[in-house]
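Taken in order, these protein sequences are the chains called A and B. Just so you know, we're using the working numbering here: the first sequence kicks off at 1 and counts up by one. Just so you know, we're using the working numbering here: the second sequence kicks off at 1 and counts up by one.
Hints listed in this document are in silico derivations from the structure and should not be mistaken for laboratory results. Where is the CB? At the ideal position from N, CA and C, for every residue including glycine. You can take every hint at face value.
Simulated restraints, written as ranges between beta carbons of each label pair: (1) Pro523(A) to Ser692(B): 47 to 57 angstroms; (2) Asp333(B) to Glu420(A): 29 to 39 angstroms; (3) Asp333(A) to Cys568(B): 25 to 35 angstroms; (4) Leu557(A) to Ala332(B): 46 to 56 angstroms; (5) Asp333(A) to Glu276(B): 38 to 48 angstroms; (6) Glu276(B) to Asp419(A): 37 to 47 angstroms.
Number of protein chains: 2
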Amino acid sequence: MAARVPGRIADGILRAPPRYANPAAAISRSFRLRARPLSTGTSRPASNKVPSPHNRIARTAPLSFIVGGGVLASYLALSQLGHDEIENQHTEASFSTDGRDPSLPRFRLSEIREHGGSSSEPWVIYEDKVYNIKEWVAAHPGGDVILRAAGGSIEPYWNIFSIHKAPHVREILDQYLIGFIDVADLGTDGRPPAEAVEDPFVADPVRDRRLITHTLKPRNAEPPNEELDRSFRTPNELFYVRHHMWVPVVEEGKVDEYALTVELPDGETRHYTLAELKRRFPTHKVTAVLQCSGNRRNDMTRHAGKTNGLQWGVGAISNAEWEGVRLADVLADAGLKVADRKEELLDPKSLHVQFTGLEAYGASIPLPKAIDENGDVLLAFGMNGKPLPRDHGFPLRAVVPGNVAARSVKWLSKIVISDEESTSQWQRRDYKSFGPNEGPNPDWDRAPSIQEMPVTSAITGVWVGDCVRRGRVPWMGNSSSSSSSSSSRNGHSASASKIIDMAAVPNQKVGFTPKESSSTPCPTSTPADEPIALQGYAYSGGGRAITRVDVSLDGGLTWDQAELVKDCADPSSPCHGNKSWAWTRWRYTGTLPVLSLPSASSPSLPAAVQEDCEEGLFPRQNTLQKKKCTTLIVKATDEAYNTQPESFKGIYNVRGNLATAWHRVKICPKCTTGTGVKGTAQEEAKRGLTWSTGETYGCGFKKEADEVREGMLKSGEGGGESKR
Amino acid sequence: MAARVPGRIADGILRAPPRYANPAAAISRSFRLRARPLSTGTSRPASNKVPSPHNRIARTAPLSFIVGGGVLASYLALSQLGHDEIENQHTEASFSTDGRDPSLPRFRLSEIREHGGSSSEPWVIYEDKVYNIKEWVAAHPGGDVILRAAGGSIEPYWNIFSIHKAPHVREILDQYLIGFIDVADLGTDGRPPAEAVEDPFVADPVRDRRLITHTLKPRNAEPPNEELDRSFRTPNELFYVRHHMWVPVVEEGKVDEYALTVELPDGETRHYTLAELKRRFPTHKVTAVLQCSGNRRNDMTRHAGKTNGLQWGVGAISNAEWEGVRLADVLADAGLKVADRKEELLDPKSLHVQFTGLEAYGASIPLPKAIDENGDVLLAFGMNGKPLPRDHGFPLRAVVPGNVAARSVKWLSKIVISDEESTSQWQRRDYKSFGPNEGPNPDWDRAPSIQEMPVTSAITGVWVGDCVRRGRVPWMGNSSSSSSSSSSRNGHSASASKIIDMAAVPNQKVGFTPKESSSTPCPTSTPADEPIALQGYAYSGGGRAITRVDVSLDGGLTWDQAELVKDCADPSSPCHGNKSWAWTRWRYTGTLPVLSLPSASSPSLPAAVQEDCEEGLFPRQNTLQKKKCTTLIVKATDEAYNTQPESFKGIYNVRGNLATAWHRVKICPKCTTGTGVKGTAQEEAKRGLTWSTGETYGCGFKKEADEVREGMLKSGEGGGESKR
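With the hints as constraints, model all of the structure from the sequences given.
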């Protein structure tokens, strides 16, 4: 499973337990830039810099920064330093022939590489400059994770943790300047060539090509709609990927010695190797959804306005069967004692469980959830009957069913139980702006972090017209593709639940010919009995079951209930766990309202009018008497009878979090006469009734997966920060 | 506390434990009308009626009927008998001088009264007829609760359980006819006078006159807005009242012997007297809201269409501190053993806890909620530091925090643990129609009963203009009424949380004079700095805390956050319980948008146009350029980030349940010039700027509490059935 470990990257990772600083501990200490002469390793630069008393920073400000509901405790805290508290002591004195200060030495890259994370004199490079960060490590708010960059460039890390890209951070770094990269190692642009600096992502696993990628490094990708909920359990290779950094590498041979550290509120610490966890605690299975708080963010952007962050479609959610040991069991074994009815010990309500992953990401959950005997929080090492894939936390991850996926920390290496206050410093609240405010949220303290998720749903498949008539909807019973060719992908039979296997009809026509002969003129409207089939998922957090799913084919004018797939009743996919942690798949078949269908030969309206026509049933006074397009809508209700917001207007927030409004998919019919000449399949496909949608696709639609992929990639470009 | 017990009513009630049949047991037995000669007590009528073989009914149909989320197991099941299976054997043979069958005897009322519930020959009367129900009692689907009517008229009971008002029920009764009421006891209308037949509601407690009454018998009433959340804990006498029948009477001297029966799945039964419960189990306090599923139903009616049931305003919700013993403790003591991780015993997920009250109402909760150590389900005998009032379940009730109040069965006399299937027969699902269907719900099986409640909120107080400027909003700090004159009503200090005490300003002017002198002409618009203050409550079920409340003063165009009152942090009102079961009160102050204010002297628009003007910012081409009215909105978000539906259109259901859409209150300013002559206070009040709203009221508004009361009573008239 694990690839061979490339040098430097592994260097900081393989120690078990990893010796990365405990971010919570880092939080509680104040730190200062030390006022001292620069100490360097191999050569003492002829520097006359003596830090002034102003060059001191003493601050106990919050030292971490939220990314997507968790904390990237490392690297990030520099932004908390007041800009005005730092006096830039670095002035460029003079320039040599290469245009750089001749008073400082030059170093070869080979020499720099020797000053890696395990060196007593760790160096990093930035642009063409060399820095000795030895004295900074202890002061680095993010702890000694900074050592991972030692021996090479710090730029890839800053690219990820972009908070470092601020003048004052650069000013801090500049205090540790010891020299420059030798011109012999610089390219024509005055920087070392990319191939000379190691790419920390080089060891990332190979991903399934069907995934729709939002960012490459770190990889953030979602399965295409037609694969997302094809089966009840999303196959491992299609499970959505949400990373903040590269994927940590753990050698297969060392997996058993992989260690988890558990720190109790009294500071007592215990270590468990993975082998020990498996041997000493009973194994449990939990079937649970993981869903990013940014799922459907793209929806919010399109319907309510610009949002920051990855522009997820409806696929930042997946469902799997997790296997592991109960966190509650491990915490009890480690010696955690909380209040029960008889004795007053620790009040669990005041405590949080902080999870930290190998790659430095961290997030916390309230202790009551962690120890709730019905809460099913796992330390998981298995996923859908296989070992955890590297992309999903190999060899160990937290799985917190019912909560936002940001809590299910991957590559779990450390657990700290701490009080709420220090946890809220460790993990700044992520719900920065839930409301119309565009700027920093003035209600920071009022917005608690996301734990349990609200109810949501989405349409993932649409079949229209002849696609339905011709039996291309496998779960409608008359399908020819009921035995799924892909059912063995994740080791489960997909046919048992009769959900469509779109891979079985990969070469379906893009468009299709309506019942009328293709030589007849285009009709003026769609048939009154135009059939439509929809499928999708619904989910609510907190273990609340989905009790109903409502579908509208006419933009919300009328509603009907969808059929809920009884996946948990299927012996091949039993649902494990004490509550309803899995998603509920649903199906719906109905008849579309009659829609106007101006033929290609009819006089075309001005584009502006046409656009207008697409929304209203009786648009402005123009020639169209019926609406041309219709909006399909789905909304779900959970067992607490919470339901989804009607629109995004009441839940818009600039972070684009929790985009749970009714899912609307506008579909538009189009009649094209084509050439009238038998030609290529493509040309034939152009004839007759076709359908289009900018949002999803299915049989009968113009859009193909690739087109949607491109569109999503495009829309994701603007917001491809490492935020969820 | 308990009044003296009036004769017959107490007769059927005072036995402890009550010997009313277990409805669940009644359910499982088939029953038949016995084919037998009529057996009567005092006289054998010269009847030749011999029931034919057709006169048999053998059916095991569901024998109970839902009322408001619970089951009224008594009286109700007759409707399940197929009409066509009953052949009416009763034919009127001949007539005497009083126009009634001379072959049957006449009885005096005094004689009839001797055939009460404890008589071996129980009689009831209906209209002018006398029936001996001895043989019917065992066959009565609702069990022997029917005996409560013995000795008197069965009509008041049928008025409540209107399901009996069907021809086939009457036909069953007619089989037991033994004679007629003597003409000496009949009024001119041929019926016994009302005062001669005891009113079962005669022993109902006297209620606070401030309550807004929807139905008198049974009493259903809510506190007026200004009292509802004046204090964090609703005073006992103002707590909303939701009854299905009269209030059972339990003599104070017999309270300690009041017995609760607990029946386990294996049929084993235990009895606990109230004294035993108090002595043997630790006492716990829980601060929790009870909310009817019909709360805000009137809102749904006004915004989405006709709904059945009591037309509650925003007051079918109240908050109290409950004291009692944990249901979980009692069940464990009774011997209930459920599955834990070690041993597989009963799976709690398959079991329900059925609560039955003295007056026959019943409802169930899933066993996991009942035994959840954080679930805080109580058998309560105290409310806000006092014994339970009779209206709220004296001497013992269930309190199921976080669930719909229908589960918190009052006058609790029996608890049965049973499997889900027999429970769902016992307690037919109440969520009959959640969707656009007007008729019987075709999705009966898809709609699970309401347990946990969704998030909701409401505006309960509004202050505008000078009302705010003049310091009439006590919680704004400059109030003259911060010491509440009513703070001692429920034994708690209301001043600690500084919530408005409207009782302290009872004589406030209805209208008020704007800053301009009353002699100046009306302005054309409201001032740009017109202040407004709002208060209200927010609540979510399942113990989910309210995390934010958003307020809009302009119909949803812009939003701002309200301040959440930290009631639980107030030492005088600590919140007891493991989760957030209480409501969250909120306050908001802001500035209204400028609204057009056509003076009385300005040319008036046609009424239709004016109406139209009230909604839009820029209405149809007419003289008003700004909207005249504005809509105040509140919406809440809970800790799972569930929020309220924007409108009622997606949640409309004919039962009017869970009316949780954003709460909207339209307010309209009006400038009246009045007479210009100093006169009475009323006339003065007519001058200047006044405000009106059809939905709530507060300082500065035209509407007074009485007017709102009347309006609510009126709107409740049409739907005053005994449903919640």
